[in-house]
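Asks: Sequence:
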Amino acid sequence: MPWWRRVCLGFVLLWFTLGGIAHFLYADAMVTIIPPGLPWPRLAGWVSGVFELLGVVGLLLPRWRRLAGWGLVLLTLCVTPANVYMWLHGDAFPAVPGWLLLWRLPFQLWILFAIVVGAGLWPRRDRQG
22 MPWWRRVCLG
32 FVLLWFTLGG
42 IAHFLYADAM
52 VTIIPPGLPW
62 PRLAGWVSGV
72 FELLGVVGLL
82 LPRWRRLAGW
92 GLVLLTLCVT
102 PANVYMWLHG
112 DAFPAVPGWL
122 LLWRLPFQLW
132 ILFAIVVGAG
142 LWPRRDRQG
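The opening position of the sequence shown corresponds to residue 22 in our numbering, with each subsequent residue numbered one higher.
By construction, these hints were calculated from the structure, which means they are not laboratory data.
Any given hint could be a false lead.
[Unchecked claim] DEER-style ranges, computed between Cβ atoms:
id, residue 1, residue 2, range
1, 83, 57, 34 to 44 Å
2, 101, 64, 33 to 43 Å
3, 26, 48, 27 to 37 Å
4, 24, 63, 34 to 44 Å
5, 49, 23, 19 to 29 Å
6, 78, 143, 16 to 26 Å
7, 22, 57, 36 to 46 Å
8, 26, 58, 34 to 44 Å
9, 57, 27, 38 to 48 Å
10, 59, 116, 18 to 28 Å
Glycine included, each C-beta is placed from N, C-alpha and C at the ideal position.
Using the sequences provided together with the hints, build the complete structure.
Replies: Right, dumping it as structure tokens:
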């Protein structure tokens, strides 16, 4: 595995390990970022935390890495509305600076890129040289 793929994989492993754990340690805070109207916000927070941690386990197992990568891509896309909600309703999150709320949206693109590269979804073949 080339160094750049290892860097992306390491970032994704760290990001989703910390994020998955945070869904349980800071469950009350996680509930506040779930857009109103979605049913069972606490359960949604816990389920997303479980899937983040399952994705980490899958990435650690080479046989399951690609499937886990696709799962984390899907999960990241599914939680993007929470980031959009936070940005559009920044007044509901006074402890978080507005620039950080806006920064989270393009950061989602970096996370998606890191997942795709780190999980070996793209590029499909590593070229030597």
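Asks: Hints first: check each against the structure and report whether it holds.
Replies: Hint by hint, here is what the structure shows:
no. : hint                 : result
1   : 83 / 57: 34 to 44 Å  : holds, 41 Å
2   : 101 / 64: 33 to 43 Å : violated, 19 Å
3   : 26 / 48: 27 to 37 Å  : holds, 33 Å
4   : 24 / 63: 34 to 44 Å  : holds, 40 Å
5   : 49 / 23: 19 to 29 Å  : violated, 41 Å
6   : 78 / 143: 16 to 26 Å : holds, 22 Å
7   : 22 / 57: 36 to 46 Å  : holds, 43 Å
8   : 26 / 58: 34 to 44 Å  : holds, 39 Å
9   : 57 / 27: 38 to 48 Å  : holds, 40 Å
10  : 59 / 116: 18 to 28 Å : holds, 22 Å
The structure is inconsistent with the numbered hints 2, 5, although it conforms to all the rest.
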